[in-house]
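The UniProt record's numbering applies: residue 1 is where the sequence shown begins, and numbers increase by one.
For the record, the hints were derived by calculation from the structure and aren't laboratory data.
It is possible that some hints are incorrect.
What the hints assert, rightly or not - Simulated crosslink set (BS3-like; lysine-lysine; CA at most 27 Å straight-line): (1) K3 to K13; (2) K267 to K253; (3) K296 to K277; (4) K205 to K243; (5) K293 to K267; (6) K225 to K245; (7) K143 to K159; (8) K298 to K263; (9) K143 to K104; (10) K298 to K245; (11) K296 to K243; (12) K202 to K225; (13) K225 to K298; (14) K263 to K293; (15) K253 to K296; (16) K277 to K202; (17) K253 to K298; (18) K263 to K225; (19) K13 to K296; (20) K159 to K202; (21) K205 to K267; (22) K293 to K13; (23) K311 to K296.
Keep in mind it's a predicted model, so treat the numbers as computed, not measured.
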Amino acid sequence: MNKELLYTFFQGKTTLDEEVRIREWMESTPENYRTFLEERKLFDAMILLADEKRLLSKRNQFKLLVSTWGKEIGKIAAVAIITLVMTLTSQYIFNNEDMIPLQKLSVPAGQRINIELADGTVVWLNSRTSIQYPAVFNGKERKVSINGEAYFEVAHNKKQPFIVETPKGQVEVTGTKFYVEAYSDNDDFVTSLIEGSVNVTKDDKLITLRPSQMAYLQDGNLRIKEIEDYNVYRWREGLMCFKDKTFAEIMEKFERHYGVTIKIENKEVLNYRCSGKFRYSDGISYALRVLQKDVKFKFHRDENSDIIHIK
């Protein structure tokens, strides 16, 4: 398989016929599938490395360290996740209060990143998510800011609480595992607790979660309910899973992940409910074709404007 065509596919710029050809090649032999995963991992790494080199040429205060990825190839079933140590920075900022250097990392569409912070906390960032965090945690609390979707495994430190600030609210923990989703461009704010305990705050109103509970916004107020479907958190594995979601909600997820604009001109499909799962590496055209088996619609992708029309 031509590597240039593969990389065009990873960028989401291949035609429908090219996507079909790549998929047939990838699924024809186990060796081809391994090659696909290897090239995907290298492509993801090059995107981040290129961005870092450009930024570090302007700012020499930080050192770029990217963890080795070869041993992970056999473990990843879809899009490879790149592990970065905490010194990876996309922007150099200062905290005005005590001049602690802050780092900001933004994940491009179609990518997922795993970073380790100075205290040992591990964070997985989903597509089009940004995080801002200090180079060191030397105050009374460990504070980071998130815009998007992330999973945290927080290093335990009872004397130094870990605080996640989002555009919609705040989450405070001492050591735990949880997901948070709070994109600034929509109204959702969800915190799902896997292990430990968290306090979720919005507008000075605080609620405490137990494992297997989630906090969410309803009419501007925080509510609590049990987690019903853990599959939705499998984006760390390269899977997009949804259960009883409307067609419009699924298209919103596609837009965010693949970095495209989807215009739904067929209003009859807006509220049609779907359940299923896709590998992110399958590509948006493949995912839409699968949905066509249950929902009657046609789609056309304008390669020049990167707009998908649902008819």
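27 Å limit on alpha-carbon distance, applied to hinted pair K263 and K293 = Roughly 20 Å separates the two Cα atoms, so the pair holds.
27 Å limit on alpha-carbon distance, applied to hinted pair K253 and K296 | This hinted pair holds, its Cα atoms lying about 20 Å apart.
Mind checking the alpha carbons of K205 and K267 for me, to see if they're no more than 27 Å apart?
-> With a Cα-Cα distance of about 38 Å, the restraint between K205 and K267 is violated, given a limit of 27 Å.
Hinted pair K293 and K13, Cα distance within 27 Å | holds (24 Å)
For the pair we were handed, K267 and K253, check the Cα-Cα distance against 27 Å.
-> holds (18 Å)
Holds or violated: K296 to K243, with C-alpha atoms at most 27 Å apart | holds (19 Å)
Are the Cα atoms of K143 and K104 separated by 27 Å or less?
-> Holds, at about 13 Å.
If you draw a straight line from the CA of K159 to the CA of K202, is it 27 Å or shorter?
-> Distance ~23 Å between K159 and K202 Cα, so the pair holds.
Between K293 and K267, is the straight-line Cα distance small enough, at 27 Å or below?
-> holds (18 Å)
Below or equal to 27 Å on CA atoms is what counts here, so check K298 against K245.
-> Holds, because 19 Å separates the two Cα atoms, which is no more than 27 Å.
Keeping to a limit of 27 Å between CA atoms, is the pair of K253 and K298 held or broken?
-> At roughly 19 Å apart (the allowed maximum being 27 Å), K298 and K253 satisfy the hint.
Decide if the proposed pair is consistent with the structure: K263 and K225, CA atoms, cutoff 27 Å inclusive.
-> violated (33 Å)
Hint compliance for this structure: hints 4, 13, 16, 18, 21 are broken, all remaining hints hold.
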